[in-house]
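When you read off a place in the sequence shown, starting at 1, and then add 266, the result is the number in our numbering.
Please keep in mind that the hints were generated in silico from the structure rather than gathered at the bench.
What you are looking at is a predicted structure, and each value in this text was computed from that prediction instead of being measured.
Misleading hints may appear alongside valid ones.
Stated by the list, open to error - Simulated pairs of lysine-lysine, BS3-like, Cα-Cα distance not exceeding 27 Å:
no., residue 1, residue 2
1, K294, K554
2, K474, K363
3, K574, K554
4, K616, K544
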Amino acid sequence: MVTPKFTNSAQSFHTELKRRINGYFEEKGASTTGNSNLFTKAILLMAGFVFVYVHLVFFTPVVWLAVLECVLLGGIVAAIGFNVMHDGAHGSFSKYKLVNQLAAFSLNILGGNNFMWNVKHNVIHHAYTNVDGIDDDIDIQPWMRMSLTQKKYKLHKYQHLYFWLLYSLLYILWIFVLDYNKYFSSKIGSMPLKKMSISDHLVFWGFKLLHLFLFVGLPIYMLGFQTWLVGFLIYTCLAGFVISMVFQLAHTVEHTAFPVPDKETGRLEDEWAVHQLKTTANFATHNKVVSWLVGGLNFQIEHHLFPKISHVHYPAISKIIRDACREYGIPYIEYRRTRLAVVSHVNFLKQMGRA
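Just need the whole structure built from these sequences, with the hints factored in.
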């Protein structure tokens, strides 16, 4: 598929937004990257991850405590992805490039691959959000239908009932199937994968093997196959479900758009910034606990417009963006509660399964 083009204008909405956001940081004299609160959170999450892993594998807690710790480990893995890896991969965790690279590298420890993530998420998803055929995040075919332009199968009528199972399997599929599909096909969806260097190949295979040792081989040796399997499924399924839900609530709800390029010109209707606003939604932005846990990814509008700005600044710049949208008559999609966004996502799945 030929990548579409966005509509351009001399006095774009995006230009005005950047002017206002730059003005905010100049006035505050603040950096756009993370601060001490983010660094403290990152240390707590990483230390918690190591402690729970070591206690589970080497100290074999009683069953009820082991189950709770597997649930906790799944939550910590998701939180590291949201708070540490995500900001690092976008270059917004720290003003130092090496620190950002180390933060992004946490994904390799957790079984994923930061090279694949960068192309899939930073390059493709952030450029062509909700564009069917390009945005790999909405390509769950044939199991689910996430756009009216995708083929409908009979099972999609029930996708609002079984989605939780597929979302729970995301993490397992990601680390054991999807990364390898991308690697060997040299494609992400219909988009070619950029050429990997020798070091990229070494990192891919080296850390895939390390993850297999740390999370499969060593636990089986220490605990036995059955005990490992139960614990592994608990922690990976919980992490997968949480990760899936946070990202799905941002783009696949009732009010977000799924733009289709013009067949003749190949152009999308809106300029890039307006496209992001129409295809992205916020949720529970006044809930500080949710914001802390999901690394500000409930402020997806702010993140998609300014991915190089750390999530610790999203509450402040959201007011600027909201005011600009109101002035320009551009939609700003937001659900005040997490449960309202979940309901909207389920309703969206129903619509896609029946339309």
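Tested hints:
The straight-line distance between the Cα atoms of K294 and K554 is roughly 22 Å, inside the 27 Å bound, and the hint therefore holds. At most 27 Å may separate the alpha-carbon atoms for a hinted pair to count; K474 and K363 meet this at roughly 24 Å. Of the pairs offered as hints, the one joining K574 and K554 holds, with about 22 Å between alpha carbons and a cut-off of 27 Å not exceeded. Restraint check for K616 and K544: satisfied, since their Cα atoms lie roughly 21 Å apart, inside the 27 Å limit.
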